[in-house]
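Undergrad: So the chains spell out like this:
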Amino acid sequence: MTKSVIHTEGLTRKFGDFVAVNAITFDVKEGEIFGFLGANGAGKTTAMRILCGLLEPTSGKASVAGYDVYRQNEEIKKHIGYMSQKFSLYENLTVRENIQFFGGIYGLTRKELREKTAVLIERLGLNQEADKLVGSLPLGWKQKIAFSVAILHRPKVVFLDEPTGGVDPITRRQFWDMIYEAAHEGITVFVTTHYMDEAEYCDRVSIMVDGSIAALDTPSGLKKQFQAESMDEVFLQLARGAKRGE
Amino acid sequence: MKTFVAFIRKEFWHVLRDTRSLVILLGLPVVMMILFGFALSSEVKNSNVAILDYSNDDASRLLIDRIDQSQYFSVKERLKTEAEIERVFRRGEARLVVIFPQNFQEDLSHTNQVQVRFIGDASDPNTSNIVINYASSIFRDYQNELNEQKKLPYTIETETRMLYNPQLKSSYNFVPGVMTLILMLLGAMMTSVSIVKEKETGTMEILLVSPMRPLLVVLSKAVPYLFLCFIDVVIILLLAIFLLDMPIRGSLPLLLAESLLFILTTLSLGLLVSAVVDSQQTAMFLSLVGFLMPALVFSGFMFPIENMPLPLQIVSNIVPTKWYYSIVRAIMVKGLGFSYVAKQTLILAVMTVVYLTVAIRKFKIRLA
Chain A
1 MTKSVIHTEG
11 LTRKFGDFVA
21 VNAITFDVKE
31 GEIFGFLGAN
41 GAGKTTAMRI
51 LCGLLEPTSG
61 KASVAGYDVY
71 RQNEEIKKHI
81 GYMSQKFSLY
91 ENLTVRENIQ
101 FFGGIYGLTR
111 KELREKTAVL
121 IERLGLNQEA
131 DKLVGSLPLG
141 WKQKIAFSVA
151 ILHRPKVVFL
161 DEPTGGVDPI
171 TRRQFWDMIY
181 EAAHEGITVF
191 VTTHYMDEAE
201 YCDRVSIMVD
211 GSIAALDTPS
221 GLKKQFQAES
231 MDEVFLQLAR
241 GAKRGE
Chain B
1 MKTFVAFIRK
11 EFWHVLRDTR
21 SLVILLGLPV
31 VMMILFGFAL
41 SSEVKNSNVA
51 ILDYSNDDAS
61 RLLIDRIDQS
71 QYFSVKERLK
81 TEAEIERVFR
91 RGEARLVVIF
101 PQNFQEDLSH
111 TNQVQVRFIG
121 DASDPNTSNI
131 VINYASSIFR
141 DYQNELNEQK
151 KLPYTIETET
161 RMLYNPQLKS
171 SYNFVPGVMT
181 LILMLLGAMM
191 TSVSIVKEKE
201 TGTMEILLVS
211 PMRPLLVVLS
221 KAVPYLFLCF
231 IDVVIILLLA
241 IFLLDMPIRG
251 SLPLLLAESL
261 LFILTTLSLG
271 LLVSAVVDSQ
281 QTAMFLSLVG
291 FLMPALVFSG
301 FMFPIENMPL
311 PLQIVSNIVP
321 TKWYYSIVRA
331 IMVKGLGFSY
341 VAKQTLILAV
351 MTVVYLTVAI
361 RKFKIRLA
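If you're matching them up, the sequences are chains A and B in order.
Taking this note's numbering as reference, the numbering of the first sequence is continuous, increasing by one, and the terminal residue is 246.
Taking this note's numbering as reference, the numbering of the second sequence is continuous, increasing by one, and the terminal residue is 368.
Here chain B stands alone, though its shape is the one from the complex (with noise of 0.2 Å):
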């Protein structure tokens, strides 16, 4: 035991003496919590909009006032042919192109029936899909009005509901993804990299050759990062309540429960990479490529598995990310207790002991 605690004094010399790695790993949180909670929102701002209006008259110019209002929006150009509209997706002077037909508001009242025509840009697909959508719905709005004057014989009233997450706010989303990249990465790379470095310098023969087990010379190289991924928990939770303004709606000491399983997952993941692997560069790009990514992809949080095609969606159960990304949204978002996340708790505890018996079993191989 006192050797154990001489290790482990020794390991947290070095994570502690070595300032830019310590930098990386209390930093990366905080630049990825306000990348996404500032930098990378979905919604589309301030688009601009070209008009080309041939009717010109009272109902056209009371839409196009609406869309300049909008805070989507602002019109920057009149049209006057269909020619230009070519000229300003060239140029980039708009996202969106809306012409009004001619005698807008007259087909309107008597025919109840007119075209407007919107024209987007789809060589950002995503960007003019959400443009086009802000727009349509300036239009359906009026519509709704016009409606109310008359009965229309047969309507479906549809109203919405969004359940949790009743304003659609992203960070609901990217705070449980962010905290399952940074432990997956920090977790899973640094404890590979801090222990093949000791086989790189020569250190790890020394240590080898003296009294300590080699399952104990592993095992406390990983209880540093086991601190600074909980350090890190704490830092993205804080900075969720005080600055995203995201609740915790599930209970705290459960969270934090969970998050030190899946640290622990990630840390037998490092070992693994660690007892496979002798240089360092290995260790780094192993991580990265085969837990980062899949992480990234087969998590859920930036892609919705349920769209992926079935192998992926098998593949997907047997990334440990995927799991705790879903616990923590149930927790945090839903406000659900443990018996809802029971199942992925056991998946989570069964893979840690999956991955640290075969790290295990393979230190013990090399040594033998």
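Next up, chain A with everything else stripped away, as it sits in the complex (with noise of 0.2 Å):
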């Protein structure tokens, strides 16, 4: 039995009237590749940042990696890696830069920055391109280093939200790599997506709709339970469902 990092109970964030995540419960086991599904305005980007410490919830519990997210909030963010849609690296920084920026902020030494820098441009083959301006990379580059970046610390979760968005295929699946490469060495993933081949990656997959976790089991067990050939017809007939737009 591994133990669970993500653990919460009736998790309810309200803003005003509107019932954004709606009494969600689960948990995610160390090491494991969860995937966090749900059309858009399902709830997924709150319930994340609530389990990141940037939003308080309105009722019910959550930890995770150990910490509450009502009190603990800032231990959390010590254990957590988070990389988003929006391209989370700086621009006008190089390479070398961005990597020692972001161990900076973790408070690595200097020592650590220094070692861990040359062993991550090494592993990603940037021995070239490690002084240019990250701006100046294709796009598929700049997301494998921006995960990288967020699992620079040995964080004990990361969270991806759609880390994959606008990547060709073969980049996704070279990231998909790195993904379960991260999840062999004890990283846990929680990852969002819209595609539905991601989501047969992971080891265990939650749909959302309308704020509550609609489904929740491993890949196989999900089209065994809704008699579906894919991912794909699992998501539609739970999601055609929904009655919030986005």
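In case anyone wonders, no lab produced these hints; they're calculated from the structure.
C-beta atoms are modelled at their ideal positions from N, C-alpha and C, and glycine is treated no differently.
Take the hints with a grain of salt, since some may be wrong.
Said to hold, decoys possible - Under 7 Å between C-beta atoms, here's a sample of chain A residues computed to sit facing chain B:
1) Ser-84
2) Lys-86
3) Ser-88
4) Leu-93
5) Arg-96
6) Glu-97
7) Phe-101
8) Gly-104
9) Val-167
10) Met-178
11) Phe-226
Stated by the list, open to error - Pairs of lysine-lysine residues, derived as BS3-like cross-links and limited to a Cα-Cα distance of at most 30 Å, are as follows:
12) Lys-78/A - Lys-362/B
13) Lys-142/A - Lys-45/B
14) Lys-362/B - Lys-86/A
15) Lys-86/A - Lys-80/B
16) Lys-116/A - Lys-2/B
17) Lys-199/B - Lys-78/A
18) Lys-2/B - Lys-132/A
19) Lys-142/A - Lys-76/B
20) Lys-76/B - Lys-78/A
21) Lys-334/B - Lys-86/A
22) Lys-132/A - Lys-362/B
23) Lys-111/A - Lys-362/B
24) Lys-2/B - Lys-78/A
25) Lys-362/B - Lys-61/A
26) Lys-14/A - Lys-199/B
27) Lys-86/A - Lys-76/B
28) Lys-197/B - Lys-116/A
Claimed, not checked - Negatives, chain A to chain B, calculated, CB over 12 Å:
29) Gly-107
30) Ala-150
31) Lys-223
Join the two chains, each given in its own frame, into one complex according to the hints.
TA: The following block contains the structure:
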């Protein structure tokens, strides 16, 4: 029995009368790749912001890496990594400077930084580009660098908010290889995506509809449950029932 | 602390790499100083004058010569009839027409009284006022010379001394003004734009999920601009001293300290804007309209505050530039010490604290 890294119970967040996240309960285990699916406006981003310590829940329980989201959100921030759908590196800094900056704000020492930067650049095969501005690199590369930077400080959990939006299929495949690698090293991956082939790569998948979790299982379990050929069908069956639009 | 240093280093990378902004940041004060120093002079030199002389005697010729020799005028045309005056102005051939009546010298020496007419082109009221003043003083001088020969029963002689700026150099006025404007523009606008930019590109989110405290994120963004603004102050002062021969009469350390305080005021204003606004355009627009305009109008640099209607005078008190402008003038031009600017200093300090508090509050609300 592996222990759970993310744990929520009846987690709810309201904005006025609007219930963005409605009593969601789930567990994510250590080293798991957890797919967090849902149509636009289903409440994914709000749930994710709560788990990242950016937003306080209205009610319910939640803990991330063993820290409570109400009281210990500063602790949570030290133990998570985050990468958003919007590009999240500085375009007018070089690759090396970006790595050093993000390492720096997570409190890595100068020596650690130097070593990690060297290893990372080597591993990404960016020796030629290390001192080029990030803005001049293709999107796929940027996203790979952004992911590497997000797990630079060895977080317990890394949150990926639509990390592969707009990236070509080959690079997406490479990106997922990196995700597997990270999970293999014990980093829990919490990922949102709109690509259903990516959903198949996840260990378990939850699908949010109108603020609630409508289904949660392994991809094959979900397909069996909804008698569907692919995750695409599963998703469409559930999402069609949604009342909230964008 | 280590993370803070990492952050500030990154901010410097940003600022130093953005060459265009850097050129503006450091070039703007130089350009403004040179513009105000040499191009924008309130003196009107070499105005063309047309003369209509009905008497054509010694006295009138002497006066015409004097007008022509003055550095302010050159006599371009002799008119024959009044009808020509209209034409001269229409074609813009002269700024001023001087009309001597018939028997100018005779009337002057016999009846002791004679009238000369100045006709100015008031489509540009400021210039024509200045030009007419110059012309009047030439006639006044002549009159005084005549009076020396015969004693008048009563005379009041006024002796004018202009304190602090005896030569009425305009640099004494605009150097403090330029300092005020530049700091307001750069401090408030650049900081707010740079913070809002992080919101726009989405990097702010990354920073907020990092262990860095949001307040620290925001404060460290202001640090490079603190340095740059200070460099600008030094540039302006160097230009003022070496290029415009304007002395700093008061204490330099005091002037720099007060400037630092004002920079902090403008930076807090910038933070306040960035807390409220979400796009770079809005931030820029708000800074220009909300800060630069009032700074220009209410600092007392271009328009005397005493001449404004009362409500506007009251409004001027909440504009920080007014206070800084008066501090700089007091120290640079009058050479006064701290006790004379203590009130203004206190007001600026209070303003800074208020802006900063509101800004921080706002940030916290948004992150809750």
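Undergrad: Among all the numbered hints in the text so far, which are the ones the structure does not match?
TA: 5, 9, 10, 11, 13, 15, 19, 20, 21, 22, 23, 27, 29 and 30
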